[in-house]
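Novice: Spelled out from the first residue to the last, the chains are:
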Amino acid sequence: MNSMSEKKKSVEEMLKGLEETVSELEKDDIPLEQAFKLYEEGMKLASLCDKEIEKVEKKVLSISEGGKVDEFS
Amino acid sequence: MFQTDYLLRNLDVRGEISNLKYHSSGHIYFTLKDEKSAIKCVMFAGDAKSLDFKLKEGMQVSVNGRIDIFERDGTYQLYVKTAKEEGRGDLFLEFEKLKEKLCDMGMFDEAYKRPIPAYVKTLGVVTAPTGAAVRDIINVSKRRNPGIGIVLFPAIVQGEDAPASIVKGIKTLENYGVDLIIVGRGGGSVEDLWCFNSESVAQAIFDCSVPIISAVGHETDFTIADFVADKRAATPSQAAEFAVCDISVILTGLGELKRSLIKDMNRILFEKKKDAEFFARQLSALSPVNRLNEQKQRLCNCKNLLNRAMSDSLKNVRHRLEAGAARLHGLSPLKRLSGGYAYVESDGKAVKSIKEVKEGTLLSINVTDGRISARVEDSTPYKQQ
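Just so you know, the sequences run in chain order A and B. Its first residue numbered 1, the first sequence is counted upward by one per residue in our numbering. Its first residue numbered 1, the second sequence is counted upward by one per residue in our numbering.
Where hints are given, some of them may not hold.
[As the list claims (entries may be wrong)] With a straight-line Cα cutoff of 27 Å, these simulated DSS-like cross-link-like pairs (lysine-lysine) come out:
no., chain 1, residue 1, chain 2, residue 2
1, B, K274, A, K9
2, A, K27, B, K274
3, A, K9, B, K263
4, B, K54, B, K113
Hints in this document: simulated from the structure, not taken from any laboratory.
Working from the sequences, and respecting the hints, build out all of it.
Specialist: Right, here's the structure in full:
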């Protein structure tokens with residue numbers, strides 16, 4: 001359930017989560033184990049976010065009243 | 001022909017102003033229209049100067065002037081000399097009435113405005129498939145993020161069928177599943193833009209679960225759709241700018257976040273290592289090895305002390321020995337000879353009795369400074385007393 005909702009996270013949410021992780025990691029006196037956990041989480045989130053931002057150029061589509069989708073040119 | 005017609009040289013016309021343009025030369029161009037007809041008008045700068053009010057789009061006016069041909073375009077138009085305001089135009093009244101009604105219904109309330117998502121993956125666009133508006137939206141969007149998905153609903157954005165088409169477009173894109181919708185069109189006359197003042201379009205925008213940016217006409221054009229939409233853009237280009245994030249900014253931010261993650265982790269590791277080293281030093285200070293070394297040192301000191309004591313006492317003994325030897329030397333038999341005593345030997349043996357010699361025995365007599373050789377002539381025992 002948890003991993004499902006994690007997958008559904010938007011880029012904004014992931015960026016926000018990443019910011020929170022970083023500020024958590026910036027705190028003094030953080031236990032090493034906790035730091036490793038946060039670091040791992042953060043890096044995972046960053047690469048997920050990177051993946052979510054698909055950098056491939058996409059075609060513009062045109063949708064008709066009936067919901068038929070075509071390439072728009 | 002027009003100029004000679006007496007009637008056409010002095011004409012009063014009543015109508016609503018549209019397509020109004022104040023030209024930089026001071027001339028004013030507009031169209032006068034009513035429900036059935038329209039005529040192009042021009043008011044030259046000289047005549048415009050005497051106007052005591054400013055002409056406005058949708059304004060109801062009555063003007064006086066003459067009809068003449070405009071040779072360049074081969075058309076006729078009304079050359080306006082004077083104009084009077086007749087009260088506000090019907091379209092304008094209609095607009096105001098609907099605006100007030102929807103406002104009372106709460107459709108413009110900030111509380112209903114959905115936030116525009118910062119990162120849109122798929123953008124829906126309801127506009128005409130031809131013209132500058134759709135091109136502007138696509139160009140600006142793709143420039144900001146080439147990876148953006150755009151789904152266009154080719155809508156009718158002018159005339160009677162426009163409202164229904166726009167409503168259909170909004171619903172179709174909502175069902176398709178886009179992150180954000182831009183509804184709009186390029187510039188035009190008030191009539192051209194009028195479909196965006198329809199109640200059905202307003203209702204569709206309000207009901208849509210996906211955030212909507214309106215982009216109708218130019219900066220100066222305000223429509224009902226603009227008030228209901230979650231955000232109003234002055235132009236279609238600006239709508240695309242609001243809708244699509246600049247991907248380079250996002251990627252830079254992401255890179256920075258990654259770098260700080262690594263930096264923070266390294267800092268934590270460094271600090272923990274430092275702590276560990278500190279404790280290791282403290283621990284080693286308390287180590288039994290130190291006590292052992294200390295004891296070794298004490299042992300070593302003891303040994304040294306012992307050695308010194310031993311050698312001192314040896315020295316002492318030797319000293320005493322030497323002293324004893326010296327005293328012993330003082331008791332040497334040779335020393336006694338100095339007092340007139342002599343030491344007598346025969347054949348290397350001490351002579352202690354007359355019985356050991358006879359007449360002629362060679363004797364060796366030792367005195368302090370030398371030896372005397374002698375022969376026995378006679379020997380007589382001491383008389384016993």
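Novice: State for each hint whether it applies.
Specialist: Okay, the hints, checked on the actual structure:
Distance hint between K274 of chain B and K9 of chain A is unfulfilled; the C-alpha atoms sit about 38 Å from each other, more than 27 Å. With a CA separation close to 17 Å, the supplied pair K27 of chain A and K274 of chain B stays within the 27 Å bound. For the suggested pair K9 of chain A and K263 of chain B, the alpha carbons sit about 26 Å apart, so the restraint of at most 27 Å is met. The straight-line distance between the Cα atoms of K54 of chain B and K113 of chain B is roughly 35 Å, outside the 27 Å bound, and the hint therefore fails.
The structure shown violates the earlier hints numbered 1 and 4.
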